[in-house]
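Engineer: Taken in order, these protein sequences are the chains called A and B. Note that my numbering has the first sequence beginning at 1, numbered continuously upward. Note that my numbering has the second sequence beginning at 1, numbered continuously upward.
I should point out that these hints are in silico values taken from the structure, not numbers from a laboratory. These figures come from a predicted structure and were not determined experimentally. Note that CB positions come from ideal geometry on N, CA and C, so glycine has one too. Take the hints with a grain of salt, since some may be wrong.
Partner residues aside, some chain A positions facing chain B, computed with beta carbon under 10 Å [claimed, not checked]: (1) 280; (2) 299; (3) 310; (4) 428.
Protein chains: 2
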Amino acid sequence: MSEAVGVGLLGLGTIGTGVAKVLDRNASIIEQRLGFPLRLIRIADLDTQTDRGVDLDGIQFDDDAAGLINDPAVKIVIELIGGYDIARRFTLQAIEAGKHVVTANKALLALHGEEIFSAAERNGVDVAFEAAVGGGIPVLRALREGLSANRILAVEGILNGTTNYVLTQMESTGEPFDVVLKRAQDLGYAEADPTFDVEGIDAAHKLALLAAMSFGVRIDFKRIPTEGIRGLEPLDFQAADDFGYRIKLLAIAKSRGEGQPIEARVHPTLIPKASMLANVDGAMNAVAIRGDAVGPTLYYGAGAGELPTASAVVSDLMEIAREIHRDASGRVSPLSYPHGGLRDHPLAPLGDRHGRCYLRFTAVDRPGVLSHITGALGEEGVGIESVLQPGRGDAGESVPVLVFTHPAEEAAVRRALEHVDGLPDVTAPTKLIRIEDDL
Amino acid sequence: MSEAVGVGLLGLGTIGTGVAKVLDRNASIIEQRLGFPLRLIRIADLDTQTDRGVDLDGIQFDDDAAGLINDPAVKIVIELIGGYDIARRFTLQAIEAGKHVVTANKALLALHGEEIFSAAERNGVDVAFEAAVGGGIPVLRALREGLSANRILAVEGILNGTTNYVLTQMESTGEPFDVVLKRAQDLGYAEADPTFDVEGIDAAHKLALLAAMSFGVRIDFKRIPTEGIRGLEPLDFQAADDFGYRIKLLAIAKSRGEGQPIEARVHPTLIPKASMLANVDGAMNAVAIRGDAVGPTLYYGAGAGELPTASAVVSDLMEIAREIHRDASGRVSPLSYPHGGLRDHPLAPLGDRHGRCYLRFTAVDRPGVLSHITGALGEEGVGIESVLQPGRGDAGESVPVLVFTHPAEEAAVRRALEHVDGLPDVTAPTKLIRIEDDL
């Protein structure tokens, strides 16, 4: 029973190096907890030259991924290559070779999860991916096991550290998006091409996984309405603050009840300052999960980074290794429900959302404009809670008009905005930010 | 593989009723996730007459606990009797009969855990107790599995909803302790005899379990320095607020490194407003766990109540049932380390603590008093960051003097207080509240 479990690592980049470090420095504590050792015996990476500052003594390190996958001593393959194509190919090869797989690759699972989870089920192996959502936060385990007695009602998360860092900075400095993004890039908080993060795509990948696990449904992440943080202005943070809110990029999935469509969306959101999620600052992540029995819960931690991500990868390795030792692989379905049991399920159209909104109109500062705006909202039955005109322009200059609505159907708000944005005095498209008061 | 797993419930009080409700209303979702049904087949309680408002159709319900324990159809026994003696006896009987046990009884485990976990290890059965710490929050699972790759550095939690409710109310209303406690009792947030909660004993029970799981050590909860929330005054909340803090009853366990004594203590604490723990209000609970790889994490939710607690109990049942089906019982050690592997380990004396303090002196408002106080602190090498004298009394009347210290050794602070409290002008014992800035 005390035989070591052999592990192979594909990809020795930042996270891969972190995994090697954690396995090395915490080897004795890991063995104490498991009752047997977990051994990194093989690594494959195209770059075998760069010194990563980690002790690889006794580990076979070359560029032979196929050899690693087919090495009979390797029982678990860690995929940390990233991207889609090669990662997909190696993952499927490993599964077909009867190897368990641990990955941090949310993009891969959001796009090819269907294929990968089916193959794993067929081959009786585990695919673990705690690191793919919320980095080091053990939130998938919470959803899959800790809250397994619950009907899940809602999942709402800050799932992307880059955007949360940018939003926190915009709020505290009052600086515009481009300035803050540039600094985030210089500091290494944002990538040279920040599109995936800034446009909300990375958060949508993660939400697709969370929603599938929460509701037992198949979710095509491309169908998730996704809006990024470009287009937010310092003014929006000021207005949010004045009304007791902070702005966060939230990934939201909600059940409307048995047989009803599921809401899933990613967008900047005004949330009450007193909520736990509102206090998640900088590059940190958090996920709020509401269950019918447990009520509201929240999980917080580092959503990225070498060691936090490695923490999740190695914890997954340990879980799989325990099951190998007990001959109990596949103990829990990776998506919480047996893969064959996932239902196709409609997503609610965004226009169905019923809730409050913050609207930033941009109009020439002329008498009558305000009445046109409020009139258009009124005609669609959208009630107004407050109107703010924070600045006065010179004659003919454009100024912002800020409106907090009462709860309304989004389709009605959209119709009103279409009308307003066609008015000659309205000089820029109106910005809509959804308000979630239930957090 | 699709055979139902039979469950027996000892104790149909509030939590027991919640368990019956969750098993009933979520039966289909539980079966989908498990791949087989989980069936409550038998309940024992002395009171078989009271209607608990839950459907017990098809469940054998009588007062025969021994019969339930020895019923061959019962594979898992839920202990929800509470208290020590009978709960201990039934738990050990169930274990000896080869039954797995789920319990929410922290007092039982804090006092008799040694005996119970040993018996479980000997008999090859599981003892699960997620509900015993943090109610519905799946924090023990996080510690045991989600963060298993980490060396745990610190655990800091708001583990008692009653005291957190009282503190939140004292802060928001400015009312004294007795008034708020009385109202909490009227509203059902505090028990008629609130000693266990208010004195921090319940939190110490839970901390003993968390510390054992975090550090792999045997902790006798009676050795944990424990201080309750009696003795806090509205003035303390005001001063904390002015300096950017809130006051929470924290249960704290910290590692000082390999081979060093472990810090474990329960006491009111000033924590920075911006920290996640500071934003845990009302009867909610939260646990912050720091690991060497993952960094800071936090888990938040309802720490008590019928359905949140039932959520944890039923999730434990599901985990054990999965293992029964896979013949993989004992997959994870209940205390994270094999029970035989728990080390006896010294606790650091409280005087060893190095940190900042808030001190409330009470002295006659007379020239020279302040210099005596600051002089006593200075003599012990305790640096002063700020001094506040919020009120002026009439000649000869006692007034508070509030001091925020620089980081100092607690033994030195204590010596200074002993000296000050012996001064003729000092009319009441000085109140010390520890400050934790690292949260």
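Engineer: What hints, given by number in increasing order, does this structure fail?
Structural biologist: 4
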